[in-house]
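Protein sequences appear in the order of chains A and B. In our numbering, each residue carries its 1-based index in the first sequence increased by 923. In our numbering, each residue carries its 1-based index in the second sequence increased by 21.
Calculated from the structure, these hints are not laboratory results. Misleading hints may appear alongside valid ones.
As the list claims (entries may be wrong) - Listed next, with one range per pair, are the computed distances between beta-carbon atoms: (1) 110(B) x 1000(A): 41 to 49 Å; (2) 1155(A) x 104(B): 41 to 49 Å; (3) 131(B) x 1280(A): 42 to 50 Å.
Where a beta carbon is used, it is the ideal one built from N, C-alpha and C, also for glycine.
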Amino acid sequence: MSHWRTSHWRVRRWVRALALGLTAALITSLSGCVLERRERSATPTHAFEQLWEDYRAYYGLFEVKGVDWDALHAEYAPRVNDQMSDAELYEVLVDMLTHLDDPHVTLYPAGNPELPTFSIDLVDGVFVEPPFDEALVEERYLHDAATPHPQLTYGHLAGGVGYIHLRSFDGKQRDYAEALDRALRALADAPGLVVDIRDNPGGFDPLAQYVAGRFTDTRRAYMTVRKRNGAELDEFGPTRTWYVEPTGARRFTGPIALLTTYATQSAGETFALAMRVNPQVVQVGSTTGGAFSDAILRETWNGWAYTISVGDYRAPDGTSFEGVGLAPDVWVENTYDEVRAGRDAVLEAATEWLLAGPP
Amino acid sequence: MLTPPCPRLGGLLRLGGACLLSLAAALPRGTALAQTEHRVGLGVGYSHHAVMDTAATSLAYDGHLAATSLTYQGENGRVVWTARLGAAFGHMQATGHAGRTIRFVSREVDGSLDSVSVPVRASTLTADARVRVERMLPVGRVVLLAGGDVGFGLTNVQGFAAPGLMQMLSLAPSLGARVPLPNRQLVQVSARTVLAAWVSRMPYDQTVSLPGQTPYQGLVARGSGWRSLGHLQTLSIDAAYQRDFGARGTLRVNLALGYLHDDWPRSLRVIDTTAEVSLALRIGGRS
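Same shape as in the complex, but just chain B (with noise of 0.2 Å):
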């Protein structure tokens, strides 16, 4: 199942590049804004990042994480794009078996003793970088968003058990819907899943160690391969509420969830809930 990662890389990231742009060029004209307009928002939140990976322990791991994200979105009635970058931190910890330590003793020299006490948990930090192209269609009342995008995700967990996925550069299409309200207002929702992922996680062993190379060069060379649907299924669904406010503010308010299976090397079951309120500066305008 694994394969030389990088020549096959390049391939797959024009190739979805291309469909997004030819995508975007096929659209017809109808409700084009008159002006373009671009928000840029930060936002805040609260993460629930839930892993059973097998290969790693047999023990499921929570934790809640503080997120952020930045982000830019364009649209101009026919397409919107959008550009964003995620981060969240906090620990995780074994489900059902919060505050869990580990001590170690030592004699020392002079006959002393030595007792550290470590808990058993892991820091946790998720980053996400992601580029989105969409289609809208208008139908009714309702706009519908056809595109899809292409992605990073990295997981970087640190203790004594490392669950997770460690980095997935992926493939997706999605699908949403629109819907505008009274007084500037919307909600949204949108559904993606990968077709297409290089994947990055510990190999059998759960080392990295090779010769002459640092742990990330080993995890790359060892852990790394293509993942397509036979062996990776993901889903994500976003949902958000949008409010225009004053001459240039917006207020989104994001709620996301995530489901990710991967086989290799055993199972890896990952769910992320993600609540988010962002503040955008809005340029440009409606027609």
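Okay, chain A solo, but in the shape it has when bound (with noise of 0.2 Å):
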């Protein structure tokens, strides 16, 4: 008898662990199911109308590219249908994105390595390096290259001016801070400055403010923005003015040369707007790409991403240089073969400037 109950109540634990486990393989499936089931319409004409209605929810810039986005959509829906094929759904797609016109709208057919990555600035899904070489830098030009942080070297150049090379603005601004004012403590006798983001993909905006208030004297308006705010195309929430202003424990206020080029974008430009407000500084090189806007990411039932520019940035006379870049003071640009053979001309040009003294 007492054998017999000790069987029963192993079996009782038996089934209750069973049934405690078999519960919640059934809670954690039903899970996925309840949240899934509106992937199940993954066709063409679905992932064609939710990234139409994405940008439509989301995108900043219709207004200022001059796109008439329900006319795009009665011109480009009649092209999808539920039997094309996803090369076929992409380069729908591609053409309708291209009339945006703009480096933050990027289309990654994910999950299907055959189609390319599409964005204005890419060729076949491959973005082409400017003809800047960091390398080049720190071994011919700078004396005394130093890396305090990831990204940022300094160093010194001919003739004493100072070098500061800003990667991109992304990480902690403390650490940052830090690194800038090993720099600008090393290079405070420097009769001028190269600042040079010309490989500058970006970041976080207000990195890229407080990075340049190490480069002003005075607070000064540099930069509206406004953001989608609502599902109609002209919601948007309350217009920002962007101001930069002196910060950190060390900065540097004389002669600045900013080099530039089209991989200078987003946050790397919005630096540069807040840059060229300053009466010493002097923009080298070639036009920045003409992406500022914060860009989000969204995706479509069929598993691509896209980003959208979900802002309206301008300058704070109201100039929009979105898809349109800011245009160098002095226009100076390297070709690939120079910088193979170990030469950078628009550093020497800025370089030149700077000892030369501000006219």
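The two chains are supplied separately, each in an independent frame; assemble them into the complex guided by the hints.
Take a look at the structure:
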């Protein structure tokens, strides 16, 4: 009898454990089903409509670009059907998105390796780096290169001119502050400073604002920003004015040459806007990429992803440089052959300009 | 719907705390333990986290997370008070689109091609802290538990898409039942729902850049507000089996199911399922 009771308890215990496990498995699988039910509509038509609706609900530059998004739907929707291949759908989407002429608009056909990433600044999915080589700068032009932060290198050029290379504006402000303190302490006596953002793809605008504050002596407005705040095309949140003002313990407010290329984008460009309002700053190089706004990533039901510019960023006088970029005061371009041969003509021109003294 | 968060927060918490304390003070004497019993337990387990955040993406995301918790529980026969710290970590992927990658290709100055493939997934960290007080009401063999908790939950998602709730400070009443079993075992079931909460989610435009602000400050400034039942609905159900062993040990197995729906700036639904096993050190004893 006692043996029977023990066995009975063991069986009940196992039944309880099994029931608990089955309940957990059932709930887990149900939770997935409940949330994923909409994904079963991953047809080309639904994917197209989802992407089109997302841009309508979030894109902040229709007015700036002069694009009638509803009219584009009327033009492109008839080209989409549920029998078309991924490649055909991709072609329609690329044709439609090309109208936006926005480097921050990117289509990632994730999950289909046959199709390249699309953006207007890519060639068959490939981003062509500008003719700039940071290793060349450090090895040939800098006497005492130091990298106190992964995104920042500094040193002295010919004639004691200072040099700071800012690779991006990603990371913690505290870390940038420490690196900038070191760099600006070392470069305090320089007759002029080169700030190099030729390969800076951006990052976080408030960090760029903070760094720009290391090169200014007073508070100046440099940008206004408004962002989409609702599904209607004209729904924006409040317009905010951004100011550059002195930040940090050490600053450099002497003559500055700001080096740019088309690869200077996003927060790199808002940094350039902030620097350009300072009278002692001259922009040298070539025009920036023309992609200022914050961009968000969304996905459509077939698993493809795309980025959308959500803001309308302008200079304080109302000028938008989206799709246009910031043209330099002094136009100088490297050629790839020059860089491969060990020469950086842009850097040399900037150094000469700083040593000659401002006009 | 968004309102300045901070001035009302302290008041709500004080009100919630006062309610819990007055509930505890009003407890009847009856089945009091001769000695208050305390348990400090460490748990490990598995959590399935499923999210559909239409503000961030049209795809549902889900992931398998490793979970852990540290729990203190005290009870004296009239009141149970619990403090819990929990965390879970893992990756989420879009449901039905596992293994996606995005390829970045660049042509370098020397003409070579540089290619990087990055998986489209989101590393996910959830953390929560909760203090709960419950009154014990014996009804025959069953002990009913009525009380509430103040809790703080945080979800940090890093990836191409970052769906989900970011943080929530909440006040929630709870109801439960405990059934003592032979051999120092018990089974307990409880449910809670949030009545009011201060919630931070990414704002409509899904960005947090504000002049002079860190990303967290931007999130709090742009995406925070009070929610009540009209906009936020949650339900958490917790089932536990507990067995004391030896002089000082307690084994506890928990199965928890949580559902959340929030409607600002666009609909968010989250379903969490967690199974956890914990071992606790028992201090004090039964009458």
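Just pull the numbers of the violated hints for me, sorted ascending. Violated: hint 3 alone.
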